[in-house]
Amino acid sequence: GENVEQHPSTLSVQEGDSAVIKCTYSDSASNYFPWYKQELGKRPQLIIDIRSNVGEKKDQRIAVTLNKTAKHFSLHITETQPEDSAVYFCAANTKTSYDKVIFGPGTSLSVIP
Amino acid sequence: NAGVTQTPKFQVLKTGQSMTLQCAQDMNHNSMYWYRQDPGMGLRLIYYSASEGTTDKGEVPNGYNVSRLNKREFSLRLESAAPSQTSVYFCASTNRGSNQPQHFGDGTRLSIL
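As you go down the protein sequences, you meet chains B and R in turn. Each residue of the first sequence is one higher than the one before, counting from 1 in the working numbering. Each residue of the second sequence is one higher than the one before, counting from 1 in the working numbering.
Read the hints as simulated data drawn from the structure, not as lab findings. Don't take each hint at face value.
As the list claims (entries may be wrong) - Below, computed lysine-lysine pairings styled on DSS-like, alpha-carbon distance capped at 27 Å:
1. Lys57(R) / Lys37(B)
2. Lys37(B) / Lys9(R)
3. Lys71(B) / Lys57(R)
4. Lys9(R) / Lys42(B)
5. Lys9(R) / Lys100(B)
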């Protein structure tokens, strides 16, 4: 079945450094790849998404890259701040329904002041 | 505009008890979803409803039933609660076929003793 893998599971960086989270997906028909941030005890919230017709998208300190040939996509956070500390989930939609996404297991990011 | 509203926020049940988790959205979205979130396992899809009047099983449907009461409301029922169903449950909604991000409720924290 469809699967999304995510690495690393935990990540600690110094404030001001960059953080990179990588995901791979199995369904070659996937064409929508959102990233969600979940702070402790809160709901997941979308921070950025990318569609298969582009290879990179940037929003201030956050960027996402997509390699459809290799079936992997990555989240890049530059100039990290303590408020970036959270769990980040990648996801990919599936060919059975473009309304359904499969989530990765999450990456717990800690930004050390 | 409240977005996605879930009730209750917290619940403790005894094994064998039944209960219904309620979810309502006011964004006129067609598709609605129920997820459970367990430590280290990300968000796993229990059931989803692509449109009013339709429901489909997700990854982990056993022990649950759902009802898409109307376009706004999508409920999740545990007929006979088991300790393995202790989890945080999230409801989400999105527009069908538009590759738009999912909007999540605040979650229901459910403990089964």
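Now for the hints, and whether the structure bears them out:
1. Restraint check for Lys57(R) and Lys37(B): satisfied, since their Cα atoms lie roughly 26 Å apart, inside the 27 Å limit.
2. This hinted pair checks out: Lys37(B) and Lys9(R) have alpha carbons roughly 20 Å apart, not beyond 27 Å.
3. For the proposed pair Lys71(B) and Lys57(R), the alpha carbon gap of about 26 Å is at most 27 Å, so the pair holds.
4. With a C-alpha separation of about 12 Å, the suggested pair Lys9(R) and Lys42(B) falls inside the 27 Å cut-off, and the hint holds.
5. For the proposed pair Lys9(R) and Lys100(B), the alpha carbon gap of about 25 Å is at most 27 Å, so the pair holds.
In terms of the numbered hints stated before, the structure departs from none.
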